[in-house]
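*Asks:* If you count by the working numbering, then the sequence shown holds residues 22 to 644, one letter each, in order.
Treat the hints with care, since some could be wrong.
[Stated by the list, open to error] Derived DSS-like pairs (lysine-lysine); straight-line CA-CA distance at most 27 Å:
{"#": "1", "residue 1": "K401", "residue 2": "K423"}
{"#": "2", "residue 1": "K333", "residue 2": "K343"}
{"#": "3", "residue 1": "K401", "residue 2": "K345"}
{"#": "4", "residue 1": "K539", "residue 2": "K521"}
{"#": "5", "residue 1": "K355", "residue 2": "K287"}
{"#": "6", "residue 1": "K198", "residue 2": "K236"}
{"#": "7", "residue 1": "K107", "residue 2": "K81"}
{"#": "8", "residue 1": "K209", "residue 2": "K195"}
[As the list claims (entries may be wrong)] Beta-carbon label-pair distances, calculated as ranges:
{"#": "9", "residue 1": "N492", "residue 2": "K591", "range": "25 to 35 Å"}
{"#": "10", "residue 1": "K209", "residue 2": "E264", "range": "23 to 33 Å"}
{"#": "11", "residue 1": "K434", "residue 2": "K325", "range": "33 to 43 Å"}
{"#": "12", "residue 1": "K434", "residue 2": "S321", "range": "30 to 40 Å"}
{"#": "13", "residue 1": "V227", "residue 2": "K591", "range": "29 to 39 Å"}
{"#": "14", "residue 1": "K595", "residue 2": "S160", "range": "40 to 50 Å"}
{"#": "15", "residue 1": "K103", "residue 2": "D234", "range": "49 to 59 Å"}
{"#": "16", "residue 1": "N443", "residue 2": "N124", "range": "55 to 65 Å"}
Honestly, the hints are just simulated from the structure, not real lab data. Just so it is clear, CB atoms sit at the ideal spot from N, CA and C, and this is done for glycine as well.
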Amino acid sequence: MGKQIKNKKFTIISVILLLVLVIVCYFIISNFKISKVLSAKYDTIKCITSDCDGIMATRKNKDKEMVFLLNSKGKVISKYEKKSDKYEPYALSKNYFISSSQNDDKSKTTYVVYNKKGKQIYKTEEKLEKINDDYILISSDNEKFSIINKDGKVVYSDIKEVNLYDNNKFISAKIDKDYIIFDEKLEKVLTNYTVDKEVKDKNDEVLYLIVKDAKSEEYSYFDIKSSKIIGESFSSYKESDNEDEFLITKKVNNSKVTYILYKNGKQKKSDNSKSQIEIVNDIKSILNKDYYLYTSTVSSESNKYVLVDNLKENSIGTFNVKTKKYTEIYKYSKTENIYSTVNKIESKNKEYYQISCSLNICDTPVSVVYNLTDNKEILKNNDSDKIVKNYAQYENNYKVIKYAKTGENEDYKGKYVLYDNNNKEVSKLDNEIVVIDSKMIIGNDISDSKVALYNSKTKKMLTETKGEIINLNNENLYKYTNDNNEEFIVDNTGKEIANKSSNDVLVYSDDSILSGDKSIEVYNLNTNKKINYSLTKNEEITDVTSSVIKPYKGLIYVNNSKNKYFKIIKTNGKEKKIKKLPTFTWHKLTSKKFIVSIEFKCVVWYTKNIERMCLNDWVRRKC
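Could you build all of it, start to finish, from the sequences and the hints given here?
*Replies:* See below:
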């Protein structure tokens, strides 16, 4: 009886362990593109793509050196005799591969498309990008594009705009005057539509696309499985509490109503939603005939203040919906057809509006930035020489104003002007100005990639022309170059976290920044800590392709191809040395959980705990 119970327990435990093993194996399979350890028959092996879904292997046979291009499953896609080191493959499909080469002084790059047998089918000095197994994108310097097929024949030319979505399964392009969305076979799916947003889940997988009608400017849900628009169109959308769902606004009986757009394309009216027309009518019922309501300032039922024209007093101001009190902003000089131009300014927490009055209505042009939430004037400009176009304000009360090109003052036309917390002019530039040590509380997102950077703590302009915003670890950092061509990266407080002289390197990944030359430094954005390492003889921070090994999880990776080892420098400064390394190339998988290298002529990967594992026939094992 006891033995039966023991056997039963053993069976149950065995079943549980088997299930766990199946789950683990499934997890491994789902997170890797590489599924086969390559044979030792090859002399060299390296990844040719960033996610290692293409591998190049070589083997010498008598006086010939053969090149084998393999996919992630280890299948040979192309086999040809290597005649030169000039061209290096960088993209692989089942029908072709693309190589590039630079001339001796690196002033010119040539791109070549080969078929599976290694025969040249297309050659150009314009950049080539793999779209899918059948099509290739050509990018020219004048921002025009073309698409060729796998045989090198031009399918579309003179494309002015092109974007790829859902892992290149959909192509959005402007050809002549038409906006077209193609599928991966280059069949037209939608005409006169553009892709406005690619909606993804937590695993970075595309769920659906939000497309925009180029004529009506209405939005729609586009189902990627059926390649069709599902449901009714909507006039606007914004994020909801769920990342993959949106709050959309639709016109129902000439009124704006809020709906929830679900990830399956279904739309449901928000339970708490009251149409804009209903809200407007409620407010109008409170107002008498002496007031004209600016309906654009009515956004929700919670509105305390709205903008109105006071027809009796010949002015514009705010109206308190609860107390029915009117507050004047400015008066009109005319008595008939009085109105102001009202535009909303982006802000996360409060309602800000730019209110303008032209010479036709007012004696002098008036431009006011108004906080409607708190019923407070932020800025008032009566200078006809300088007409305000855009306004931004930071937490420390620094302001950036862009003046319109229509102003009469030539010195301020189209210029960005920075004012300090005492409204004193600090700088006037052609470039958009960013105050890096303070959060923007009023203003639109910075659209220009080249910005001027100002540090209000040190009261210094870091750069006027060579600044840019980079987003790492879901945080805005700022990179700039000084007059000596030295590069710097600072955080949003203005603190310098990395720098580069002319001979150094400066590279970064999602969460780390690497800089230095012989003395290497990595800054971890998760921990805000640095680790340092001084390279010894023959040590490099480049792999066999001469590419700098980018940091991962705040670690430093050091390669020594001559002495056949590489090191992993951990965050505590300790070293993990891995010996006997004939060939080495380094890749971070798209899952962002593992690192892959090519060593011992096979594929090896490392867990986040730097545990060295081999991938063999779908089974994870220690090397």
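*Asks:* For each hint, tell me whether it holds in the structure or not.
*Replies:* These are the hints, each one checked on the structure:
{"no.": "1", "hint": "K401 with K423", "in the structure": "holds (14 Å)"}
{"no.": "2", "hint": "K333 with K343", "in the structure": "holds (21 Å)"}
{"no.": "3", "hint": "K401 with K345", "in the structure": "holds (25 Å)"}
{"no.": "4", "hint": "K539 with K521", "in the structure": "holds (12 Å)"}
{"no.": "5", "hint": "K355 with K287", "in the structure": "violated (51 Å)"}
{"no.": "6", "hint": "K198 with K236", "in the structure": "holds (12 Å)"}
{"no.": "7", "hint": "K107 with K81", "in the structure": "holds (18 Å)"}
{"no.": "8", "hint": "K209 with K195", "in the structure": "holds (12 Å)"}
{"no.": "9", "hint": "N492 with K591: 25 to 35 Å", "in the structure": "holds (26 Å)"}
{"no.": "10", "hint": "K209 with E264: 23 to 33 Å", "in the structure": "holds (31 Å)"}
{"no.": "11", "hint": "K434 with K325: 33 to 43 Å", "in the structure": "holds (38 Å)"}
{"no.": "12", "hint": "K434 with S321: 30 to 40 Å", "in the structure": "holds (38 Å)"}
{"no.": "13", "hint": "V227 with K591: 29 to 39 Å", "in the structure": "holds (35 Å)"}
{"no.": "14", "hint": "K595 with S160: 40 to 50 Å", "in the structure": "holds (45 Å)"}
{"no.": "15", "hint": "K103 with D234: 49 to 59 Å", "in the structure": "holds (51 Å)"}
{"no.": "16", "hint": "N443 with N124: 55 to 65 Å", "in the structure": "holds (56 Å)"}
Hint check: a violation occurs at hint 5 only; the rest are consistent with the structure.
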